[in-house]
Amino acid sequence: MPFIPHTEDDVREMLATLGVPSIEALFGEIPAELYCGELELPPALKEMEIARLMRARAQQNRPLLCFAGAGAYEHYIPAAVWAVTGRGEFYSAYTPYQAEASQGTLQVLYEYQSMMAGLTAMDVSNASLYDGATSLAEAVLMAVRTNRKSHSRRILMPKTVHPFYRRVVETIVSSQALELIELPYDIETGCIDPASLETHSDTDVAALVIPQINFFGLLEAVDELTEWAAANGAIAIALVNPMALALLKPPGEWGKTGANIACGEGQPLGIPLSGGGPYFGFMCCRKAHLHQLPGRLVGRTVDAEGKRGFTLTLQAREQHIRRGRATSNICTNQGLMVTAATIYMALLGPEGLRRVALQCHRNTLSLMNGLAAVDGVERVFSGPFFHEAVYRTRKPAREIMDGLAEQGILAGYELARDYPELGEAILVCATETRTEEEIELYVRRVASLLEL
Amino acid sequence: MPFIPHTEDDVREMLATLGVPSIEALFGEIPAELYCGELELPPALKEMEIARLMRARAQQNRPLLCFAGAGAYEHYIPAAVWAVTGRGEFYSAYTPYQAEASQGTLQVLYEYQSMMAGLTAMDVSNASLYDGATSLAEAVLMAVRTNRKSHSRRILMPKTVHPFYRRVVETIVSSQALELIELPYDIETGCIDPASLETHSDTDVAALVIPQINFFGLLEAVDELTEWAAANGAIAIALVNPMALALLKPPGEWGKTGANIACGEGQPLGIPLSGGGPYFGFMCCRKAHLHQLPGRLVGRTVDAEGKRGFTLTLQAREQHIRRGRATSNICTNQGLMVTAATIYMALLGPEGLRRVALQCHRNTLSLMNGLAAVDGVERVFSGPFFHEAVYRTRKPAREIMDGLAEQGILAGYELARDYPELGEAILVCATETRTEEEIELYVRRVASLLEL
Amino acid sequence: MLIFDRSRRGRAARAQWLPEAGESPVIPDHLLRKSRPSLPEVSELDVVRHYTRLSQQNYSIDTQFYPLGSCTMKYNPKVCHDLANLPEFLNTHPLALERAGQGTLACLYELQEMLREITGMAGVSLACAAGAQGEFAGVLMIRAYHGLRGDSARTEMLVPDAAHGTNPASASMGGFQVREVATGPDGNVDLAALAQAVGPQTAGIMLTNPSTLGVFDQHVQAIADVVHKAGGLLYYDGANLNAIAGKVRPGDMGFDVIHLNLHKTFSTPHGGGGPGAGPVGVNDKLLPYLPLPVVAKDGPRYRMLTEADRPHSIGHLVTFAGNVGVLLRAYVYIRMLGREGLRRVAEFSTLNANYLLKKLVEAGFEPAFPQRLAAHEFIITLKRLAKERHVTALDFAKRLLDYGVHAPTVYFPLLIPECFLIEPTETESKDTLDRFAEVMAAILKEAETDPDRLKSAPHSLSVRRLDEVRAARHPDLAYKAE
Amino acid sequence: MLIFDRSRRGRAARAQWLPEAGESPVIPDHLLRKSRPSLPEVSELDVVRHYTRLSQQNYSIDTQFYPLGSCTMKYNPKVCHDLANLPEFLNTHPLALERAGQGTLACLYELQEMLREITGMAGVSLACAAGAQGEFAGVLMIRAYHGLRGDSARTEMLVPDAAHGTNPASASMGGFQVREVATGPDGNVDLAALAQAVGPQTAGIMLTNPSTLGVFDQHVQAIADVVHKAGGLLYYDGANLNAIAGKVRPGDMGFDVIHLNLHKTFSTPHGGGGPGAGPVGVNDKLLPYLPLPVVAKDGPRYRMLTEADRPHSIGHLVTFAGNVGVLLRAYVYIRMLGREGLRRVAEFSTLNANYLLKKLVEAGFEPAFPQRLAAHEFIITLKRLAKERHVTALDFAKRLLDYGVHAPTVYFPLLIPECFLIEPTETESKDTLDRFAEVMAAILKEAETDPDRLKSAPHSLSVRRLDEVRAARHPDLAYKAE
Ligand SMILES: Cc1ncc(COP(=O)(O)O)c(C=O)c1O
Ligand SMILES: Cc1ncc(COP(=O)(O)O)c(C=O)c1O
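Chains as they are written, first to last, in the working numbering: chain A, 9 to 460; chain B, 9 to 460; chain C, 331 to 812; chain D, 331 to 812.
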């Protein structure tokens with residue numbers, strides 16, 4: 009009986025106290041016909057055995073040198089981040105409902121909110137959502153709720169938003185009678201042409217999603233797009249990469265008044281790739297929208313003696329109070345990931361983070377320069393990018409992917425399924441963890457595949 | 009400046025407070041000619057860079073399936089052991105000189121002492137020595153100090169004691185005018201023949217070392233040996249494997265009155281192999297010898313309000329009080345390893361530990377049975393062993409070692425250098441971490457090497 | 331002290347600073363950041379010391395008994411953490427799972443299959459990030475089911491009044507009107523009220539069984555009949571599966587769709603609020619709608635099912651494949667329990683709950699459902715105390731903290747006044763339960779003799795009672811440098 | 331509560347229990363254990379909770395300022411731990427180091443070479459497990475040197491009276507008579523006393539420089555001359571290398587043999603009392619005697635030197651290759667510092683010490699050596715307070731604990747009455763030092779106004795002042811079941 013501390017004596021005494029002959033008797037209210045009998049599950053493994061099994065499973069994963077981004081990024085995570093995040097007191101605590109016995113988690117969350125507000129230059133941040141895609145879906149729902157000016161439920165959703173995010177938004181808002189209007193991109197620049205928004209200027213638009221950086225790694229004209237939203241009574245939803253914000257103008261400063269909501273994927277801030285999760289979504293907004301913000305919030309207050317303390321607050325927005333009319337159904341969020349992100353940001357600081365961002369940028373620049381010199385490779389878009397970019401080869405992208413994988417390299421992400429119009433295109437990313445030699449290796453491998 | 013928190017402002021203010029123009033000035037008392045100038049050291053690496061370097065170094069190690077023991081054993085270490093041991097409060101604390109601010113470490117040490125006393129069936133345990141070999145050296149020195157009956161400084165040191173231990177004892181006692189008398193073993197049984205001690209019965213012997221299990225993995229006649237020591241006024245020093253004690257008669261129960269001192273290597277109790285260290289040495293003794301015990305001791309006491317607490321005690325034995333006349337020069341010991349061992353023993357408990365010991369025993373039995381059936385292999389000694397045993401092959405042992413290593417197996421330890429009389433002999437060990445398939449694999453590989 | 335209070339301009343963890351790389355040679359100036367983000371500037375030691383000390387201000391399973399009802403706060407085995415964190419698992423890029431993550435996928439596939447068996451459903455998807463998202467996926471599947479049959483009149487979702495808040499929230503997020511169904515005096519769903527509520531407008535009912543009242547609804551089959559006959563579907567909130575795991579299966583009770591909380595029943599950690607994982611299971615009726623991805627086994631290889639395989643799927647709910655790290659932990663946990671161990675979870679969590687209930691009743695506490703057996707949790711009400719001594723459940727809860735135990739869930743479910751929902755879980759020993767009962771009795775005595783001691787509790791933590799009203803009235807949600 | 335108090339017969343962490351395997355089929359009954367070893371019987375949660383909570387009762391670098399003089403309690407970078415714990419390092423069997431541990435050996439070799447450069451010696455061995463063992467090895471080498479020259483009259487080792495206790499202890503363990511040398515009023519070795527003490531019986535002198543009095547002995551070259559002229563050798567206790575690392579080298583000061591404390595200068599953790607590592611370095615004279623093993627590089631491969639390579643070696647001091655895991659941590663640390671970083675360690679630890687000394691003097695504390703600059707640590711004496719207010723250095727130290735800082739080293743060196751030896755280290759910020767100075771000042775005021783507050787300290791920890799006399803008078807060194 010792993011993890012069950014009861015001795016035979018314990019059981020005997022407990023049953024005696026209860027005055028029942030057996031544990032079975034305690035299930036007496038359950039109709040007998042419901043019992044399922046022996047399940048077909050494998051027999052119990054001792055810790056030593058499961059450790060051996062999982063090590064073997066881990067060996068079946070194949071480490072590839074990572075040049076893929078597309079929503080999940082390999083960044084170096086300082087050892088201190090998880091050494092502290094993994095402490096039992098963080099790891100094995102529940103949501104901080106009893107504030108006085110949860111000041112550790114609560115203060116971390118308050119600091120997290122502060123850092124995210126600082127990074128995005130927004131007023132407030134919630135304490136996390138599930139991931140980047142759900143943060144965008146929640147932002148869309150929130151925009152509709154908060155936009156008193158608009159009577160429509162029309163959302164402009166650029167095609168330069170991550171296709172996975174778009175499909176999640178579709179699933180989540182499907183039952184809410186929202187209309188997601190796809191906004192095309194300029195095939196030359198790979199960005200939204202702000203002029204193209206003019207066709208929507210007469211219509212009532214509830215919100216415009218503005219991705220920075222966009223899915224192709226490119227920089228959108230965020231000021232113009234935000235201005236357009238402001239001028240047209242639409243909520244400007246910034247979908248941002250937090251790492252990029254160390255370098256790029258933050259959503260709070262876009263256009264004249266800034267975006268209304270900023271959301272995105274927090275994984276770049278100290279969270280391992282881990283096959284896709286757990287990551288965390290973040291969401292920040294202007295004070296005016298606070299009461300429509302989904303998710304938990306931690307506030308600073310004082311105790312009975314006037315001493316500073318922290319507590320969950322504005323819970324009237326949440327499901328456990330407002331039930332069917334809450335701002336979201338979210339309950340369990342991604343707390344521990346946020347703890348790691350807080351420690352990551354504290355460790356890196358403004359300058360450390362900027363340097364990481366810049367190194368990613370420079371590495372991808374150098375990769376793309378290398379590739380551009382290869383016969384049979386061309387850059388697909390010419391504008392500036394942050395740390396991802398798209399190239400096209402004269403051979404099928406699949407061959408490049410497979411060929412590089414054989415050599416232990418994850419070449420990037422194939423765009424053909426979502427963007428057939430781009431041809432044999434691959435989205436590639438070189439973060440700060442890639443060395444010059446590795447970048448050169450990548451270029452050489454691509455070149456030799458194309459020579460074949 | 010990694011790990012230095014000073015800002016430029018800090019430095020300026022501090023220098024102003026000190027009234028000196030530069031940090032250099034604070035070194036003004038050091039004769040100028042002593043400055044060494046720029047050292048030839050590699051330039052600083054960022055954390056990300058050293059992590060990459062060390063991962064590459066780790067890759068240069070070659071994982072071998074471990075069938076070696078000879079003083080260091082691969083046991084399964086439950087995850088909880090180091091998850092808790094590695095906590096900052098244990099990891100980054102000093103020796104608990106300020107008892108009130110170190111109750112965590114102190115209570116762990118007290119519990120450790122209690123467990124070791126329990127395991128060995130001795131009265132008291134110290135809080136650790138460096139490793140198994142130094143524990144034996146300290147035991148020998150202690151025996152001479154504590155043995156008031158003997159006027160000699162003669163120690164009977166069986167050849168069945170680990171040869172590495174014997175060489176360490178020699179180094180350490182070399183300057184103390186002790187005489188280490190080598191006690192031969194019976195070439196048939198691989199054990200000390202108690203009858204052979206008779207030649208020493210007339211001489212004044214200060215101590216007799218009794219290894220259980222001995223270096224060949226065999227079981228010595230501990231009762232007879234202890235009795236001999238008692239009868240001849242010699243201190244009986246038990247050199248024991250703590251894992252084996254879950255199964256074997258503990259030194260406190262040897263003979264009629266038990267051994268006087270028990271010492272050994274603590275590594276089997278939750279400490280990783282780690283290329284040879286850090287491990288820890290343990291030492292237990294009868295109460296009568298307490299004041300000659302080297303190393304730290306933690307005692308239970310009460311605080312000003314009568315509440316139970318723990319503190320370092322009997323420090324008058326130690327170097328920081330008694331200086332040149334201390335029982336040992338040891339200061340820093342192996343505290344963190346002892347913390348891990350304490351948690352390991354608490355997790356396993358008496359029955360868990362017994363089962364591990366038994367599984368090791370059974371695995372080595374099954375390995376030796378398999379090998380015995382191979383043509384060209386013979387067991388060297390016929391008596392019962394615990395979890396190590398010696399076999400001899402018709403081919404040079406070196407060929408077996410090399411051949412198996414090529415196949416990813418660490419075959420054991422070659423005995424030729426220390427025991428040329430045994431021929432092409434290999435000391436082999438299969439702990440609980442070896443599976444049946446691995447044991448069969450070993451046997452098959454040996455067989456096929458011998459067929460060549 | 332906040333980390334920002336430790337910040338000094340120019341201080342830094344310099345081992346983390348990459349070499350200065352100037353400015354971007356290509357990004358136009360107007361897109362660059364000019365303001366310095368207000369992150370703290372501190373040393374590595376500052377960070378380690380600050381957050382280590384903060385952690386010590388938490389109560390947690392690793393340090394305290396934590397009988398928080400509905401939350402299943404049981405021991406999180408350390409080995410689950412270690413094994414899920416093997417570098418080969420951690421370093422796999424989500425888009426390379428099929429190509430380079432076959433080991434991960436093997437675990438996920440087997441987890442799917444084991445959960446299918448444990449719940450008695452026909453198919454499982456692991457994608458949902460938490461219980462609430464599982465509920466939402468379930469609601470969407472119910473919607474899709476009726477929708478594809480052209481049954482568009484089904485606009486109502488029935489939810490018992492005792493349900494967890496996420497149930498109605500998920501139902502309305504899924505586009506349904508929520509209709510509450512009353513609870514009878516025995517804690518079961520009031521069948522008469524149900525009969526009243528059900529109709530052609532009923533899309534389904536969301537049920538937790540054992541319910542959040544801590545009792546197993548014996549009439550679950552009758553409920554299933556009523557709802558099914560009316561054309562509705564049954565949703566099972568698996569938050570309380572711990573009570574019956576290995577003994578009774580939601581599929582066998584008649585549920586069409588379910589979610590599980592791996593961070594409850596399967597002991598993945600709560601992390602101070604997440605991450606969790608909320609796999610969903612369905613019977614044959616709903617199989618086509620299961621959210622993506624689902625892991626399939628093609629010969630020796632594993633792959634992710636897509637829209638091409640499952641055209642009627644409700645789609646994707648998270649960016650990638652869900653909280654893989656959490657799923658791996660649950661996989662390890664279930665493999666360690668095995669079939670026997672799983673059943674014992676139910677048995678011993680039930681034993682602990684009933685034993686503790688009995689001890690508390692003996693100590694003078696009033697159970698919410700005196701005639702009922704407890705499932706793995708139970709409710710006591712302090713309404714008498716509130717009335718006679720003006721000591722609330724909240725006061726009592728805060729006083730518990732002083733004794734070094736986390737308080738049970740308070741004021742939930744809402745229909746029981748001044749209640750404690752107490753869930754000891756199977757990993758706590760009789761000794762711990764006995765001590766808890768003693769502490770409860772001691773506080774009860776204090777409530778009679780010295781009620782102010784409770785009203786002003788806690789006294790021994792890093793802060794005294796916090797002013798929550800002020801926090802909400804004057805929201806201070808982010809540090810601002812002065 | 332002791333873990334034994336939580337024990338119940340039959341309770342167990344069963345995930346750790348291997349299947350029952352009966353009895354040994356071969357071990358004779360009389361060699362088997364009959365008594366059950368008195369280990370606790372507890373669950374895994376019991377273990378995790380018990381030891382997690384115990385850990386919280388420690389002060390540590392990760393949680394408190396810890397200015398313990400002579401101990402160099404600085405930040406232990408987390409990455410050192412992680413990298414030394416890579417499974418390929420952890421799982422290498424000591425007897426397979428050459429065959430399967432080339433990566434480990436590469437690190438050890440480079441560490442040896444870097445330490446050689448840092449100390450200015452001709453050769454380094456990493457084998458010794460701690461500082462004291464390094465000292466002992468050094469003493470044995472001095473013995474071997476004289477011995478091999480037939481110089482058997484050299485029976486005395488000179489040790490300054492301020493030396494750490496391990497120095498005389500190691501000297502006598504190495505078979506020498508210890509002769510103390512007095513310290514002058516300026517904290518330097520009294521040269522006249524030295525001249526008196528030195529002679530043909532002198533085997534050598536063991537010196538710490540900067541000394542444990544916190545000052546750099548400017549006459550070190552003169553001391554070296556005197557002792558060398560007399561035929562003795564100079565031993566350098568490297569416990570205080572932090573003060574001069576990268577600036578001044580023991581080899582250049584004239585020392586023949588040295589040890590380093592990697593767990594001080596090179597920031598490997600103290601672990602509540604170890605493990606450490608005490609590499610030794612020697613100049614050419616003593617190279618043949620260096621303890622084994624030493625790592626050598628033969629072309630691309632690394633190997634361990636043995637007695638065959640070094641027939642005059644004093645031999646082996648530990649079973650295998652020393653505390654490899656500790657050595658790897660130090661390797662990582664030094665590589666992260668690099669040449670520049672190493673020098674800055676000396677500079678900033680010296681800056682911190684002098685700054686703090688100045689602040690304390692301003693606050694009214696009395697330095698032991700007012701005319702001297704501090705090295706990386708310094709001494710203040712509370713003898714005035716002891717005399718006037720009957721408040722001892724111990725009382726003052728205990729009171730510091732109440733303020734959440736670890737106390738400095740007290741009553742060492744023995745020759746300064748009622749002293750504090752204070753070593754802030756370079757990883758602490760000015761803010762921390764300022765706060766410490768404020769706390770010291772506040773306690774000083776308390777000592778004047780409310781001395782009992784100090785005498786009865788600590789007040790805020792898990793225990794009050796412990797009765798050490800009772801502990802020694804009635805030794806209770808192991809739990810006994812009642
Ligand atoms: C009964 C019940 N249902 C649903 C949930 C929601 O699960 P989650 O928090 O994982 O979203 C909870 C969680 O507290 C619960 O207790
Ligand atoms: C000056 C001095 N020398 C020697 C030592 C002994 O070192 P270790 O504790 O590593 O044996 C110490 C340790 O406290 C010390 O401070």
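Any given hint could turn out to be false.
Taking lysine-lysine pairs in the DSS-like style, the calculated list, with each CA pair at most 30 Å apart, reads [what the hints assert, rightly or not]:
(1) C:Lys-627 / A:Lys-54
(2) C:Lys-785 / A:Lys-315
(3) D:Lys-785 / B:Lys-264
(4) D:Lys-785 / D:Lys-775
(5) C:Lys-785 / B:Lys-54
(6) D:Lys-785 / B:Lys-315
(7) D:Lys-364 / B:Lys-264
(8) D:Lys-364 / B:Lys-167
(9) B:Lys-54 / D:Lys-785
(10) A:Lys-54 / D:Lys-364
(11) C:Lys-364 / A:Lys-264
(12) D:Lys-627 / D:Lys-717
Hints are computed from structural coordinates only; laboratory data are not their basis.
* So which hints don't hold here, by number, going up? -> 3, 5, 9 and 12
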